[in-house]
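Keeping their order, the protein sequence lines are chains A and B.
In terms of this note's numbering, the first sequence has 179 at position 179, counting the first letter as 1, and numbering is strictly consecutive.
In terms of this note's numbering, the second sequence has 146 at position 146, counting the first letter as 1, and numbering is strictly consecutive.
These are computed hints drawn from the structure, not numbers from a lab.
Heads up, a few of these hints could be off.
[Unchecked claim] Reference excerpt, derived from the structure (chain A facing chain B, CB under 8 Å, subset only):
1. L142
2. A275
3. K335
We put the CB at the ideal spot given by N, CA and C, even for glycine.
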Amino acid sequence: MANANLARPARLRAWHVDTRRRLILFFICLAGIAALSFPAWGGFYGMFVLRDVFIFSVFALSLDLLWGKTGLLSFGHATFFGLGAYALSILSLHLDPTYGSLLGLLVGILLAGAIALLFGYFLLCGGVRGPVFAIVTLALTLIASHIAVNWSDVTGGDTGLSGIPPLGITLFGARYELATPLVQYYTAFTILAVTLFGVWGMCRGRYGRILAAIQDNEVRARSLGYNTSLHLLAVFTLSAMLAALAGALFAGLQQYAALDFIGLALSTEVIMWVAVGGRGTLIGAVVGVLIVTLMKQQVSSIDYRLWPIVLGIFFIGVVFFLPRGVMTIPEVAQKILSGLNGILLSRRRGRGHP
Amino acid sequence: MLGVVIPLVLNMLTLICILMIVAMGLAIVFGLMEVINLAHGEFVTIGAFTLALTQANGYDYWLALMIAPIIGAAIGFLLERSLIQFLYNQPLSTILVTWGVSLIIIQILVLVFGSQPLAVTNPIPGSVEIIGVGYPAYRLFLIAASLVILGICIYVFRFTDFGLKLRTTIQDRDMAEALGINTRQISAIAFAAGGGIAAIAGVLVAPLLVVQANMGMFYLARAFFVVIVGGTGGIAGVAAGSALVGGLETILSTVMTTTLAQATVLLFAVVMIRLMPQGLVRAR
Chain A
1 MANANLARPA
11 RLRAWHVDTR
21 RRLILFFICL
31 AGIAALSFPA
41 WGGFYGMFVL
51 RDVFIFSVFA
61 LSLDLLWGKT
71 GLLSFGHATF
81 FGLGAYALSI
91 LSLHLDPTYG
101 SLLGLLVGIL
111 LAGAIALLFG
121 YFLLCGGVRG
131 PVFAIVTLAL
141 TLIASHIAVN
151 WSDVTGGDTG
161 LSGIPPLGIT
171 LFGARYELAT
181 PLVQYYTAFT
191 ILAVTLFGVW
201 GMCRGRYGRI
211 LAAIQDNEVR
221 ARSLGYNTSL
231 HLLAVFTLSA
241 MLAALAGALF
251 AGLQQYAALD
261 FIGLALSTEV
271 IMWVAVGGRG
281 TLIGAVVGVL
291 IVTLMKQQVS
301 SIDYRLWPIV
311 LGIFFIGVVF
321 FLPRGVMTIP
331 EVAQKILSGL
341 NGILLSRRRG
351 RGHP
Chain B
1 MLGVVIPLVL
11 NMLTLICILM
21 IVAMGLAIVF
31 GLMEVINLAH
41 GEFVTIGAFT
51 LALTQANGYD
61 YWLALMIAPI
71 IGAAIGFLLE
81 RSLIQFLYNQ
91 PLSTILVTWG
101 VSLIIIQILV
111 LVFGSQPLAV
121 TNPIPGSVEI
131 IGVGYPAYRL
141 FLIAASLVIL
151 GICIYVFRFT
161 DFGLKLRTTI
171 QDRDMAEALG
181 INTRQISAIA
191 FAAGGGIAAI
201 AGVLVAPLLV
211 VQANMGMFYL
221 ARAFFVVIVG
231 GTGGIAGVAA
241 GSALVGGLET
251 ILSTVMTTTL
261 AQATVLLFAV
271 VMIRLMPQGL
281 VRAR
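For reference, chain A alone in the conformation it holds in the complex (with noise of 0.2 Å):
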């Protein structure tokens, strides 16, 4: 008797996860099919929508990556995301187009990585974690701005680059490139999908737990001999250099590139994609990127200058009401109520003995 008590609860809970685990899945799979035949359903308007939403889903992930799974919140990654826009652009604008823009893409993304590298080392490894290292990306981000507006030869200041040739590789002497929107719809989609399972199986297994690990408890994690700098430095560096990715491609596919790039406004909503969805979930990011630019086009084309008061009110919110990102309201939701229930049932029992 005691024994089938004891049984059943666990029995339910992993049923209980196991249905969750399939849900999660089955919404995936439907998002997937969702996506994939979008183009033929959706609006012109629509596709070029998504299309941003998949290349910030990149650079959000990117974020995840780093803020999820190791708990380091950088209140710069725009820095990152910037320099893989403005080195695209500026190589492929100079360069002759055959290689240009490929060659842009990596000296984007190995400059993003080495600069990481190099913050990271002196910072990381000098033991800085938590608020010190977000203030210090912040300040990454104002110079990085700061010398985009200044440095206008090369990066056109205030007004930018535009008349970037479109993202292209020649191969064998045929050129293919990235001009039409349904390409650019399905590359930007692809990039997505490789990035999300790439990350996803990298955190996966045993690396996964070591992170998780180093977050939890770093002093522990070193203390079973993990060497944590190191392994935040690599994680730092590879998000860094993701973010550059998503950069570059953003601005291959809009061919233009901007001091929105890598401002303080695109470091900050990017950690609010990321908060929306839900920290450390992955998916999330992706959820998260679309929930905010969603709302963002419809209280922007009320008024675009409420936006930021939105967008501040977003930061207070998620941090006092969602801590875990909206895919936690129904739990949330769920404490709310069974905690209401609790109170209606122990003023029963209360009067029952008074």
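Start from chain A and add chain B according to the hints.
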């Protein structure tokens, strides 16, 4: 030679003094509660806007200097009571929340006053001759006023009952609580005072700058360098950090562009973190 050196030294002193009073509240709050207040720059903005509005309504500069700290402290107190107090021991959450507050304050200022810069008049125009070299009188006043504020802070920190409780709490929060100090009250007062001092800084720097809603960001990053370089040990750390950051930036600005000078200071601060993780002055 003297014509170059004296203005340079005085420019350096001006920047150091500004950084010192802007970073003061930031450093104390950070040392006290490990809270990083990203809305700190907005207190500077609020101070500058107070001045602009006071003058626009026909009142004097000096009135603004009196009421700005009250407004800054009141907003700081409200912020601490309404949001920050629930987030102790969650540094990253505080960063996100104060960032949200900063966005909201900036945008409300833009919505109410427009994005055009506000006009501010210099209360002490003209210049003063120092060993045959002319220097703007207002900047000298700014240096003197900052030193007075610094003096008051040192007095409160070192020689008052509140200062003793504050230092105890910075050193060891749990122990302070065990000794019967109401650390939450101390934190709330320190937060409000930090806001008030930053608002005074806003009034002081407004005549030298363009007064607009996003001006706070201009000083926020450098104030953080001051805290990082100087350490969170209290007023001595702030003074040392300001001297290093402000001095370095002024000297570098004479040989390169301001942007490059600021980038170099950032690099310097980052290297300093590696070499001296505790900052120049250790908390004790």
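### Query
Hint numbers the structure violates, sorted upward?
3
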